[in-house]
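Chemist: Using the sequences and the hints given, assemble the complete structure.
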Amino acid sequence: MDGHDRGAKVVARLLRDAGFEVIYTGLYQTPEAIVATALQEDADAIGISVLSAAHRHLFGETARLMREQGLGDVVLFGGGIIPPSDIRLLEQMGVERVFLPGASGPDIVAFLEEAVARTRRSDGQA
Amino acid sequence: MTYPTPETRDPRPETRDPRLFDLIQQALAGDARAAARLMTLLESDPAAVPEIMRQVYPRAGGAHVIGVTGPPGAGKSSLVDTLAASLRVQGRTVGIVAVDPSSPFSGGALLGDRIRMQERFADSGVFIRSMASRGQPGGLAKASQNVAALLAAMGKDAVLIETVGVGQEEIDVVRVADTTIVVLVPGLGDAVQTMKAGLLEVADVFAINKADREGAERLFKDVHLMVHMGAVEGQWSPPVLKTVATEDQGTGELLAAVEDHRRFLRETGQYAERRRRAAETEIQGILRERLLASVTHRVPALGRYADEVGQRQYDPYTAVDRILREAQLDG
Numbered sequence: 000m001d002g003h004d005r006g007a008k009v010v011a012r013l014l015r016d017a018g019f020e021v022i023y024t025g026l027y028q029t030p031e032a033i034v035a036t037a038l039q040e041d042a043d044a045i046g047i048s049v050l051s052a053a054h055r056h057l058f059g060e061t062a063r064l065m066r067e068q069g070l071g072d073v074v075l076f077g078g079g080i081i082p083p084s085d086i087r088l089l090e091q092m093g094v095e096r097v098f099l100p101g102a103s104g105p106d107i108v109a110f111l112e113e114a115v116a117r118t119r120r121s122d123g124q125a
Numbered sequence: 000m001t002y003p004t005p006e007t008r009d010p011r012p013e014t015r016d017p018r019l020f021d022l023i024q025q026a027l028a029g030d031a032r033a034a035a036r037l038m039t040l041l042e043s044d045p046a047a048v049p050e051i052m053r054q055v056y057p058r059a060g061g062a063h064v065i066g067v068t069g070p071p072g073a074g075k076s077s078l079v080d081t082l083a084a085s086l087r088v089q090g091r092t093v094g095i096v097a098v099d100p101s102s103p104f105s106g107g108a109l110l111g112d113r114i115r116m117q118e119r120f121a122d123s124g125v126f127i128r129s130m131a132s133r134g135q136p137g138g139l140a141k142a143s144q145n146v147a148a149l150l151a152a153m154g155k156d157a158v159l160i161e162t163v164g165v166g167q168e169e170i171d172v173v174r175v176a177d178t179t180i181v182v183l184v185p186g187l188g189d190a191v192q193t194m195k196a197g198l199l200e201v202a203d204v205f206a207i208n209k210a211d212r213e214g215a216e217r218l219f220k221d222v223h224l225m226v227h228m229g230a231v232e233g234q235w236s237p238p239v240l241k242t243v244a245t246e247d248q249g250t251g252e253l254l255a256a257v258e259d260h261r262r263f264l265r266e267t268g269q270y271a272e273r274r275r276r277a278a279e280t281e282i283q284g285i286l287r288e289r290l291l292a293s294v295t296h297r298v299p300a301l302g303r304y305a306d307e308v309g310q311r312q313y314d315p316y317t318a319v320d321r322i323l324r325e326a327q328l329d330g
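These protein sequence lines are chains A and B, in that order. FYI, in numbering that gives the first Met the number 0 the residues of the first sequence are 0 to 125. FYI, in numbering that gives the first Met the number 0 the residues of the second sequence are 0 to 330.
Calculated directly from the structure, the hints in this document are not laboratory data. All values reported here derive from a predicted model rather than from experimental measurement. Any given hint could turn out to be false.
[What the hints assert, rightly or not] Restraint ranges, calculated between C-beta atoms of paired labels, are given here:
#: 1; chain 1: A; residue 1: His56; chain 2: B; residue 2: Gln283; range: 22 to 32 Å
#: 2; chain 1: B; residue 1: Arg53; chain 2: A; residue 2: Gly18; range: 27 to 37 Å
#: 3; chain 1: A; residue 1: Leu88; chain 2: B; residue 2: Arg273; range: 56 to 66 Å
#: 4; chain 1: A; residue 1: Gly71; chain 2: B; residue 2: Gln167; range: 42 to 52 Å
[What the hints assert, rightly or not] Heads up, incomplete: computed chain A residues facing chain B, CB under 10 Å, no partners named:
#: 5; residue: Val21
#: 6; residue: Tyr23
#: 7; residue: Thr24
#: 8; residue: Tyr27
#: 9; residue: Gln28
#: 10; residue: Ala32
#: 11; residue: Ile33
#: 12; residue: Leu38
#: 13; residue: Ala42
#: 14; residue: Gly69
#: 15; residue: Leu70
#: 16; residue: Gln91
In this text, a Cβ means the ideal position worked out from N, Cα and C, and glycines have one as well.
Modeler: Below is the structure:
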């Protein structure tokens, strides 16, 4: 997450209203901090908002640390100002879905409900 | 009356689930991932709770448990953060349980206490767990106490529990914490007057936060006077301290006051007394829950009584008499 938090806050609120418990960490998170938080909170999913063009580094490093710390089964998704041509690259890094500006709320909720249900099933617990 | 044999006294002499057993051992050995998983189970899997707590509870006595409570916006998260930072400087490890309210409509929650604790994220000596209250009244989540116990059993020297923003009566933190800090801020005006019964009575230490703001001096004097009037010889008299959490002002003094309180509890034997009282409340709570579950199990048609009482055919006391008779639990 970089210096812009409007979109992230809107998504957090949206997910709260859909019944999710959302841990909002604030701005300027490093991949280390993001992964440490997800680990302590036993998160089902990590959502990252990036508008600063640092998305390759942020997502790539987060995905790497997740694997390193045994969080490979946690859903990684994100959004922000990301060139559509980079989406493929992010998906290869392990980002399950990238939402671009204009993505609909119900789409985000539906994606997350499905993805979390899938990982919980394969894992046997929350 | 026959006394139960050891075999029947505890229906779960060994952990039945080997995966759960491993998880508990890993967590107690300090594995953060395993601990985080257990905390989720403590929150959401009632069947796993007794198994976890049987191993955790006896090991959970070492940490000093510090409750931080106060009205919304008082700066509890910031204060917890500065306290954690100071404890770390002293070389002590810290567990934090931060509770925020759940939405009564969606059941979801936006847990934002971490926003004020960002500098702690990269410190492996601090474990922060956010919790949604999930409809539990009293300022804590149902599992907060057990999660705090797990952090203690993992060897954290201090466990900080931050409640939701509270009013007057959400004071459950008192029965969980060894020392309760009540955080107040100027600008609440007469709210402080009305809080005199309840929240203000349970403080072991007062923090007048945002003390650089207008009205802080007056609030300080008001609380000071209130404490002074209630002072009893030989009893702990809550110190009143000024803090500016965002500037890290007054944190050292606040921590010193917590230490003083801890020493007082130890020297007067009240430490054990507090924990005994907390255990009593805990036992009663679990007993109430188990008995209710047992009755509900034996009397499946509980709803029929509600129908009839709702129609004023008879009263709720009579209903309970009949239910207990049907469950064969009366007398």
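Chemist: For every hint, state whether the structure bears it out.
Modeler: Tested hints:
For His56/A paired with Gln283/B, a C-beta distance near 54 Å fails the hint of 22 to 32 Å. Separation of Arg53/B from Gly18/A is about 32 Å and conforms to the stated range, judged on CB atoms against 27 to 37 Å. Between Leu88/A and Arg273/B the Cβ separation comes to about 57 Å, which falls inside the hinted range of 56 to 66 Å. The supplied range of 42 to 52 Å is met by Gly71/A and Gln167/B, whose beta-carbon atoms lie about 47 Å from each other.
A distance limit of 10 Å between C-beta atoms decides the matter here; for Val21/A the minimum to chain B is near 5 Å, and the interface restraint holds. With a cut of 10 Å, the hint placing Tyr23/A at the interface with chain B holds, because the nearest CB-to-CB distance is about 5 Å. For the restraint placing Thr24/A at the interface with chain B, the shortest Cβ-Cβ distance is roughly 5 Å, inside the 10 Å limit, so the hint holds. Because the beta carbon of Tyr27/A sits about 8 Å from the nearest beta carbon in chain B, less than 10 Å, this interface hint is met.
Contact between Gln28/A and chain B, as hinted, is supported at the beta carbon level, the nearest pair being about 8 Å apart and thus within 10 Å. For Ala32/A, the interface hint holds, since its Cβ comes within 10 Å of a Cβ in chain B; the closest pair sits about 4 Å apart. Given hint, Ile33/A at the interface with chain B, holds; its Cβ is 8 Å from that chain's nearest Cβ, closer than 10 Å. At about 6 Å, the closest approach between the beta carbon of Leu38/A and any beta carbon in chain B falls short of 10 Å, and the interface hint on this residue holds.
Checking Ala42/A against chain B: minimum C-beta separation of about 9 Å stays under 10 Å; hint holds. With a cut of 10 Å, the hint placing Gly69/A at the interface with chain B holds, because the nearest CB-to-CB distance is about 6 Å. With 10 Å as the threshold, the beta carbon of Leu70/A comes within range of chain B, its nearest partner Cβ sitting at about 8 Å, so the hint holds. With 10 Å as the threshold, the beta carbon of Gln91/A stays out of range of chain B, its nearest partner Cβ sitting at about 26 Å, so the hint is violated.
The structure shown violates the earlier hints numbered 1, 16.
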